[in-house]
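Residues per chain, in single letters:
2 protein chains.
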Amino acid sequence: MAPSGAVRHATASTAGRAGAPGRAVTRTISDDPLGGTVRRTVLPSGLRVLTEAIPAMRSVSFGIWVAVGSRDETGPQAGAAHFLEHLLFKGTNKRNALEISSAIEAVGGETNAFTTKEYTCYYARVLDEDLPLAIDVMCDLVADSVLDPADVETERGVILEEIAMHDDEPGDEVHDLFARAVYGDHPLGRLISGTEETVTPMTRRQIQGFYRRRYTAPQIVIAAAGNLDHATVVRLVRQAVRGTPLDTDAAVPAPHRPATPGVRVKSATTLVEPKETEQAHVILGCPGIDRLDERRFALGVLNNVLGGGMSSRLFQEIREQRGLAYSVYSYASQYADSGLYAVYAGCAPGKVDEVLQLTRAELARVAADGLTEAEVARGKGMSKGSFVLGLEDTGSRMSRLAKGELLYGDLMPVDDLLTRVDAVTVEDVNSLAADLLSRPMSLAVVGPFGENDFSA
Amino acid sequence: MAPSGAVRHATASTAGRAGAPGRAVTRTISDDPLGGTVRRTVLPSGLRVLTEAIPAMRSVSFGIWVAVGSRDETGPQAGAAHFLEHLLFKGTNKRNALEISSAIEAVGGETNAFTTKEYTCYYARVLDEDLPLAIDVMCDLVADSVLDPADVETERGVILEEIAMHDDEPGDEVHDLFARAVYGDHPLGRLISGTEETVTPMTRRQIQGFYRRRYTAPQIVIAAAGNLDHATVVRLVRQAVRGTPLDTDAAVPAPHRPATPGVRVKSATTLVEPKETEQAHVILGCPGIDRLDERRFALGVLNNVLGGGMSSRLFQEIREQRGLAYSVYSYASQYADSGLYAVYAGCAPGKVDEVLQLTRAELARVAADGLTEAEVARGKGMSKGSFVLGLEDTGSRMSRLAKGELLYGDLMPVDDLLTRVDAVTVEDVNSLAADLLSRPMSLAVVGPFGENDFSA
Numbered sequence: 001m002a003p004s005g006a007v008r009h010a011t012a013s014t015a016g017r018a019g020a021p022g023r024a025v026t027r028t029i030s031d032d033p034l035g036g037t038v039r040r041t042v043l044p045s046g047l048r049v050l051t052e053a054i055p056a057m058r059s060v061s062f063g064i065w066v067a068v069g070s071r072d073e074t075g076p077q078a079g080a081a082h083f084l085e086h087l088l089f090k091g092t093n094k095r096n097a098l099e100i101s102s103a104i105e106a107v108g109g110e111t112n113a114f115t116t117k118e119y120t121c122y123y124a125r126v127l128d129e130d131l132p133l134a135i136d137v138m139c140d141l142v143a144d145s146v147l148d149p150a151d152v153e154t155e156r157g158v159i160l161e162e163i164a165m166h167d168d169e170p171g172d173e174v175h176d177l178f179a180r181a182v183y184g185d186h187p188l189g190r191l192i193s194g195t196e197e198t199v200t201p202m203t204r205r206q207i208q209g210f211y212r213r214r215y216t217a218p219q220i221v222i223a224a225a226g227n228l229d230h231a232t233v234v235r236l237v238r239q240a241v242r243g244t245p246l247d248t249d250a251a252v253p254a255p256h257r258p259a260t261p262g263v264r265v266k267s268a269t270t271l272v273e274p275k276e277t278e279q280a281h282v283i284l285g286c287p288g289i290d291r292l293d294e295r296r297f298a299l300g301v302l303n304n305v306l307g308g309g310m311s312s313r314l315f316q317e318i319r320e321q322r323g324l325a326y327s328v329y330s331y332a333s334q335y336a337d338s339g340l341y342a343v344y345a346g347c348a349p350g351k352v353d354e355v356l357q358l359t360r361a362e363l364a365r366v367a368a369d370g371l372t373e374a375e376v377a378r379g380k381g382m383s384k385g386s387f388v389l390g391l392e393d394t395g396s397r398m399s400r401l402a403k404g405e406l407l408y409g410d411l412m413p414v415d416d417l418l419t420r421v422d423a424v425t426v427e428d429v430n431s432l433a434a435d436l437l438s439r440p441m442s443l444a445v446v447g448p449f450g451e452n453d454f455s456a
Numbered sequence: 001m002a003p004s005g006a007v008r009h010a011t012a013s014t015a016g017r018a019g020a021p022g023r024a025v026t027r028t029i030s031d032d033p034l035g036g037t038v039r040r041t042v043l044p045s046g047l048r049v050l051t052e053a054i055p056a057m058r059s060v061s062f063g064i065w066v067a068v069g070s071r072d073e074t075g076p077q078a079g080a081a082h083f084l085e086h087l088l089f090k091g092t093n094k095r096n097a098l099e100i101s102s103a104i105e106a107v108g109g110e111t112n113a114f115t116t117k118e119y120t121c122y123y124a125r126v127l128d129e130d131l132p133l134a135i136d137v138m139c140d141l142v143a144d145s146v147l148d149p150a151d152v153e154t155e156r157g158v159i160l161e162e163i164a165m166h167d168d169e170p171g172d173e174v175h176d177l178f179a180r181a182v183y184g185d186h187p188l189g190r191l192i193s194g195t196e197e198t199v200t201p202m203t204r205r206q207i208q209g210f211y212r213r214r215y216t217a218p219q220i221v222i223a224a225a226g227n228l229d230h231a232t233v234v235r236l237v238r239q240a241v242r243g244t245p246l247d248t249d250a251a252v253p254a255p256h257r258p259a260t261p262g263v264r265v266k267s268a269t270t271l272v273e274p275k276e277t278e279q280a281h282v283i284l285g286c287p288g289i290d291r292l293d294e295r296r297f298a299l300g301v302l303n304n305v306l307g308g309g310m311s312s313r314l315f316q317e318i319r320e321q322r323g324l325a326y327s328v329y330s331y332a333s334q335y336a337d338s339g340l341y342a343v344y345a346g347c348a349p350g351k352v353d354e355v356l357q358l359t360r361a362e363l364a365r366v367a368a369d370g371l372t373e374a375e376v377a378r379g380k381g382m383s384k385g386s387f388v389l390g391l392e393d394t395g396s397r398m399s400r401l402a403k404g405e406l407l408y409g410d411l412m413p414v415d416d417l418l419t420r421v422d423a424v425t426v427e428d429v430n431s432l433a434a435d436l437l438s439r440p441m442s443l444a445v446v447g448p449f450g451e452n453d454f455s456a
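Chains P and R, in that order, are what the protein sequence lines are.
Numbering-wise (my numbering), the first sequence opens with residue 1 and increments by one.
Numbering-wise (my numbering), the second sequence opens with residue 1 and increments by one.
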């Protein structure tokens with residue numbers, strides 16, 4: 001008997017009993033005026049399924065999100081989460097690698113995956129009529145991969161090439177160097193991919209252990225957005241994981257990643273990666289705020305005005321007024337218990353001192369004097385407009401559901417989020433700026449320099 | 001008197017006379033079952049305005065496309081089209097650079113531009129309610145830029161940094177090297193950005209001449225897609241260009257770019273850019289087909305199967321089976337009168353010979369034996385599905401309108417395009433493969449090699 005009757009649309013919590021054991025609990029979270037209806041079901045295994053039904057779309061984005069990333073690795077395991085992500089596409093008990101990719105691509109769909117420091121995501125985007133196929137393939141590869149020893153060896157070669165490719169991109173590399181400057185040996189300071197030194201000796205057994213310990217139903221959120229029916233998605237997911245290690249009972253979802261007390265950050269550390277590049281790639285920044293910090297809305301506004309776009313102070317000062325860089329911007333990274341705030345610039349090696357001086361001066365000016373009322377109003381407009389514009393594709397809506405559940409413990413309705421941005425005051429922004437931008441700054445540089453060129 | 005009455009919605013051609021002189025001619029092109037209603041208006045100046053109204057969307061993408069690119073430059077002008085594209089954001093008679101970018105960004109919109117070998121595009125994406133603002137700003141910057149001499153100097157620095165940044169990205173650089181291998185000194189073989197040698201001495205007078213000669217109303221197509229009203233868009237465009245050089249009369253739209261007879265291509269040329277990179281970046285390829293070639297649908301199918309995705313032959317052979325590369329794919333570039341067909345791979349320098357041998361063998365196998373019926377069916381599914389999936393955002397719909405008008409001389413309805421793909425036969429694909437893939441191949445390599453290492 002199919003469990004399709006077990007899960008019902010409802011505005012209050014409902015539960016049903018069906019062919020599969022245990023209770024699936026469904027509730028409707030919001031009827032977002034800008035989007036569709038969001039529903040959430042918790043399966044007996046603790047696996048969560050969230051969907052947003054948007055009938056006007058032709059596609060569906062479907063993602064499987066696992067609450068594990070590179071920060072969950074020990075030092076010698078560095079790169080295991082990412083290695084595993086690659087291997088899951090190599091074959092299951094039902095499909096080989098070609099069958100996995102051709103199933104999705106034959107209908108014009110796309111599938112891929114990515115690993116971050118705190119989570120891993122596997123996704124597909126297909127036409128609505130092909131959603132059952134996408135669910136079957138994606139659940140199969142995440143739940144029931146074989147990790148064939150021969151594939152481990154082949155994929156090791158691919159990952160070493162990925163690492164080498166990254167080493168040829170100094171504008172990317174400098175971001176990793178900056179994380180190391182701030183976090184040092186802490187897992188947040190390590191490369192997501194691991195290094196040649198950790199990937200080369202990594203064994204199938206290590207990766208397999210990581211897979212079985214970490215990819216459990218309570219740690220997984222499945223999210224889908226587009227032209228779909230929630231009950232059908234839930235039914236197809238249950239069907240696809242039946243008989244796999246995700247088909248358990250009597251478990252509850254894991255809470256969102258807890259803040260581990262005492263992420264140590266270093267202050268005012270300088271790291272230089274000497275490299276014969278045409279441009280110098282520079283990041284200047286400091287520890288920021290964590291993901292749930294109430295000041296995150298103020299930080300978004302501050303960042304927009306300081307270096308978040310073409311109209312920002314840093315872009316105007318360094319690019320528009322002086323022509324010193326093609327690319328210059330500020331950004332914030334947020335983790336469960338920590339964060340970064342930084343400015344990137346790519347410029348001629350001979351201009352690094354000038355660019356750094358201008359950047360430090362601008363940061364000091366904003367820390368001391370704050371932003372104007374007009375700037376804060378513009379920064380709030382940017383936050384709200386770009387948030388709403390960002391909700392127009394099924395992929396970003398799917399991500400929003402999963403991140404809300406996995407990283408924030410709840411989905412903030414669109415209207416609430418806009419209200420929170422509206423509530424940001426000039427004082428909120430300026431007191432955050434005074435705190436954040438007066439912290440001792442760390443520096444990372446990739447370019448034609450010696451290791452001690454910036455130690456003064 | 002506002003010219004709003006001049007342009008009416010209609011399924012047949014209509015014309016009206018209003019405050020502005022001349023007649024605007026509007027027609028409805030298609031009622032695409034997958035999208036919205038497309039309408040096209042030709043203004044008295046020869047400027048064309050195409051829109052697609054999609055009421056379900058919250059945003060509008062608005063683009064101004066000019067039929068001029070780097071191939072329209074003489075040698076000493078190399079980079080002029082791109083330099084001009086940068087300068088147009090620096091200020092008009094009404095707005096300075098900050099006013100341009102902050103107008104769009106304050107409402108959370110985004111704006112940018114890009115230059116290709118055959119056209120230049122300026123675009124913005126905003127919430128529907130902000131479309132009047134976007135039209136006013138984007139038309140102002142394209143029609144009425146001042147090209148201030150001080151800004152020319154500042155922006156020269158920015159462009160030189162952009163060129164330097166590109167030089168630090170060997171995976172991008174190899175594509176330019178390959179174009180030079182095939183096209184040599186022909187304008188299609190040159191860098192879109194120009195080089196340090198051409199950009200450094202370029203004068204404001206040269207750029208200004210380029211602007212006035214090339215940015216004329218008959219060469220420009222304006223396209224918008226999203227929640228909009230065609231007549232309103234046309235009215236706002238007319239209002240925004242009034243009194244500028246685009247406000248002329250009695251001109252007709254330029255035909256799409258004519259094929260210039262005799263684009264010379266070189267065959268079997270090898271170019272190596274010695275560079276101390278971790279990976280070797282390699283392109284192997286040959287002259288392909290032009291944009292209007294009837295075989296383009298068969299080429300799409302062939303490319304999908306040969307190297308267009310994770311299920312493709314080259315990905316399976318080189319990455320999945322042997323782990324030799326992280327990135328390997330084939331692609332086709334098409335111009336008005338010429339094209340390229342090529343395979344890219346990034347791999348360890350010591351593996352280049354093996355990757356090249358495997359690639360050549362696969363190309364020869366497909367040239368000789370063709371693809372199977374199942375592969376062609378899969379390739380057709382990929383073409384159709386990815387085309388439909390690609391129509392779900394306003395940006396790609398806006399681009400489709402503009403490219404149809406500017407590059408193909410007409411917009412092919414979605415249904416017709418799907419029918420054309422469906423009509424591709426195994427014989428079509430295999431006869432194209434036999435022709436294309438047996439051509440003498442050129443080779444471009446960026447990596448730790450000597451200039452003559454691949455001359456054997």
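Incorrect hints may have been included.
Put simply, identical chains are the same to the list, so a pair is met inside one copy or across any two.
Claimed, not checked - With a Cα cut of at most 25 Å, we get these calculated SDA-like pairs of lysine to any residue:
1. Lys94 / Met310
2. Lys94 / Asp428
3. Lys275 / Glu196
4. Lys275 / Pro132
5. Lys384 / Arg242
Derived by calculation from the structure, the hints in this document are not laboratory data.
Results of checking the hints against the structure:
{"no.": "1", "hint": "Lys94 / Met310", "verdict": "between (50 Å within a copy, 18 Å between copies)"}
{"no.": "2", "hint": "Lys94 / Asp428", "verdict": "neither (55 Å within a copy, 34 Å between copies)"}
{"no.": "3", "hint": "Lys275 / Glu196", "verdict": "both (18 Å within a copy, 21 Å between copies)"}
{"no.": "4", "hint": "Lys275 / Pro132", "verdict": "neither (49 Å within a copy, 48 Å between copies)"}
{"no.": "5", "hint": "Lys384 / Arg242", "verdict": "neither (42 Å within a copy, 33 Å between copies)"}
Checked against the numbered hints given earlier, this structure breaks hints 2, 4 and 5; the rest are met.
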